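**Student:** Spelled out, the chains give:
There are 2 protein chains.
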Amino acid sequence: MNNEIKRELSAIVGERWMLDTPNELHVYSYDATPLYQAMPDAVVMPASVEETAAILKVANRHRIPIVSRGSGTNLCGGTVPTEGGIVLVTNRLNELYEIDQDNLTATFGPGLITAELHTAVEALGLFYPPDPGSMRISTMGGNVAECAGGMRGLKYGVTKDYIMGLQAVLPSGEVLRFGGKNAKDVAGYDITKLLVGSEGTLAVVTEITAKLLPLPKAKQTLVAYYNDLTDAARSVQRVIAEKIIPATMEFLDAETMRVVEAYAGIGLPLDMKAMLLIEQDGTEMQVEQDILRIAEICRREGATEVRTAETPEEGAKLMAARRAALSALARVKPTTILEDATVPRARLAEMVEQVGVIANKYDVQICTFGHAGDGNLHPTCMTDERDKEEIHRVEQAFQEIFHAAIKLGGTITGEHGVGIAKAGYLDLKVGTGGIELMKRIKDAFDPHGIMNPGKMFAKDTRRRVVVNTHECGHKHG
Amino acid sequence: MNNEIKRELSAIVGERWMLDTPNELHVYSYDATPLYQAMPDAVVMPASVEETAAILKVANRHRIPIVSRGSGTNLCGGTVPTEGGIVLVTNRLNELYEIDQDNLTATFGPGLITAELHTAVEALGLFYPPDPGSMRISTMGGNVAECAGGMRGLKYGVTKDYIMGLQAVLPSGEVLRFGGKNAKDVAGYDITKLLVGSEGTLAVVTEITAKLLPLPKAKQTLVAYYNDLTDAARSVQRVIAEKIIPATMEFLDAETMRVVEAYAGIGLPLDMKAMLLIEQDGTEMQVEQDILRIAEICRREGATEVRTAETPEEGAKLMAARRAALSALARVKPTTILEDATVPRARLAEMVEQVGVIANKYDVQICTFGHAGDGNLHPTCMTDERDKEEIHRVEQAFQEIFHAAIKLGGTITGEHGVGIAKAGYLDLKVGTGGIELMKRIKDAFDPHGIMNPGKMFAKDTRRRVVVNTHECGHKHG
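Chains C and R, in that order, give the protein sequences.
Under UniProt numbering, think of the first position of the first sequence as 1, with each following residue one higher.
Under UniProt numbering, think of the first position of the second sequence as 1, with each following residue one higher.
Keep in mind the hints are simulated off the structure, nothing from the lab.
Mixed in with the good hints, there may be bad ones.
One copy or two, either will do: identical chains are not told apart, so a pair holds if it fits within one copy or between any two.
With a straight-line cut-off of 30 Å between C-alpha atoms, the simulated DSS-like cross-links for lysine-lysine are [unchecked claim]:
(1) 459 to 439
(2) 57 to 388
(3) 407 to 211
(4) 217 to 155
(5) 273 to 407
(6) 361 to 333
(7) 155 to 388
(8) 155 to 407
(9) 388 to 333
(10) 243 to 317
(11) 211 to 155
(12) 211 to 6
(13) 243 to 219
Nothing here was measured: the structure is a model prediction, and the numbers come from that model.
Given the sequences, and given the hints that come with them, work out the whole structure.
**Tutor:** Set out below in structure tokens:
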């Protein structure tokens, strides 16, 4: 990228907010995904929709790739600037404009931290349910881009279910508004929902209006331990078949339990094969009733021990242990690869078993935990990226896991996104016809292909491309 | 359309299912929307996805308009074949393939009647919430095309919130699958949600997978009468601000009450200015508590009478009276025009007042009822299409109503769709930039523009085009 373009960008955001020293660029050369890294040519941090539009116009005119990002907590390499260009950081657009208590909505900039939205609305007795693992640092713009999920997806759905309105900037610099505060709105195609989960490949979101719910009054946590994986999976299925929808049903396999216990020391039994962590919320009475029935079902289906948290603090501690799973696993080996193959919940036991078989076959260490209630598993591999031979086996194992998920009626990604990590597998789920259609839709937004190029749609047929530092950072403009 | 093409169509579906006599064509020249009518050239009724694909290929090759429809209960002229061509009737694709009790999903053809889906799933203790007014005759394919709403939208959302997977045929004849049974799935753009509400302008849906909920165990109905419209609107607002989300909050103004009472004779007081009909569902205990608190709020906010239905039968009777509103109003004058301008719920009182002012200004009779809880009003005009001068005033009044809704942060259509009736107003909500983007998305699906042409996007700037019988039916192919 030549200096003339950098001067144009500086003129828009001010010198302080246009970064281009090697050290600064390095900070934006990676995200939370292991194995992927590439240098951008410049990093810009707009403070307004007008600045965002002006940046996009420059990029569009010079055909420079634009990778928009918040905190970069995604796990699909979605914000690695693999073709160089401009990284557009939305963190300064972090204002919480309004919590509208009459319409039960919140309106804010994409840079707002997810947990800050939680805190602000909960102080008013309101509730924004999506709670991705990264919520303490992830931005709402990132949650929208990836359609973030979380532990409360079973009962409350995912980010898409809460986004009612968006302001977004097209690559042309045109600023458009979609949706709004209306509970019902069928005026034209639903561009709002199309943008949620579009991974920065269509437009840059500059304002978000989300739906809120009343905050549930009570919450209880139950933990069930199993000698047999299948019993745990069947318990999940039976609870739902008996028409109880808990807020959360988390699953941890023996290996994950062991690692979490070593990390958090909360007294998990180490001789068990699996555990379920179940949370129900609602009115006090309803929660009480549901938890009793769930405990009964878990016992009936073979749990060796079922325990209800005595106090909210004990419940919170158990949930924190589950949330710590990724950090705990990350300590085991230098490189942790967390996937999110997802199946219809009735196929959960089969999927967990197959992950075990595949890990053995390729002699790699894979722990499995995740959101059992919605079939969203996180097979997690502890490996070392410096060991090229092992990494190759890891790639083969995950490839087989994705195929297994698809065979069970599942999908290659439940909540992490396609990005670059799974671009080569997208055809497994949507077919080449589906990909062609999606590319035509991308063209409708982004005719010059500047928005997060190389993401979602694979450039070639090689799967799980690993991009090395300094390898990229092409010169543009 | 020449006979050669008709023979091609006959060869696909069989002679019996290709209709082209004037009497047969007349049946498919209109839908539930008053004032719009146009003759198709042929009507075809495929029995499979393969036949549907073959029909689309023929139409695409000869550039013949395709209007897909179920029972035609939409209220936006969405299935009137204004440019002639083929009406593709999906009613034969009406099989209920599966109710999956483990994954809480149902899979069926687009021709399935909405109420039949309700009955089938409720027999298993499950629940498909969307309940559009036309549910006894509407098809699920039509519900998907229009993103149908209904009385339970406040608590349970609309059709879009329940559609998890679709099989659809592109104009090219390509058969694609989107989504599925996974509670979480972010593999690529969400084409499923894009197709819901796309009004037959993108593809023909041939199979639908919908999400189900456990059927609530209990239900109670409350009715509140008001001397003052504003008190009723404020009651709605207060209930929600106090964190109660009822399943249904319906509003009827004085004129609607009078007309419904004359029709149904259920003892509505005729000296009141407004009534609210509120239903809550859930566990028995919760329903009891909520209804008590709602009654208290309504009284506090000025209701002159608040009554809880003593028995489920009484509750059902009250709800049936509300459901009869349209039929009751339709008896008053030869032509009934039902609109669905929608505002954020906090603006409800203002909107109802403005409808009154506008009706007076243009000296037209407009009753207002609708889904108060989600701000989705149905200003309904009783008129006579033979009185051209009055119809002109009606059009002016509705134009002003749409502008008023937009000014209050609302939308031109909450649940009826754009179709042809509101195509001229779409720019009020989404702007010309939004329309241009949507047209480019349409091109991505339908490059030759054969899918329901003239709908959603206005062909010219004249608003509320009235198409007369026999005026259309252009020759194609």
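**Student:** Could you check the structure against the hints above and give me the numbers of any it violates, in ascending order?
**Tutor:** Per hint list: 2, 7, 12 violated.
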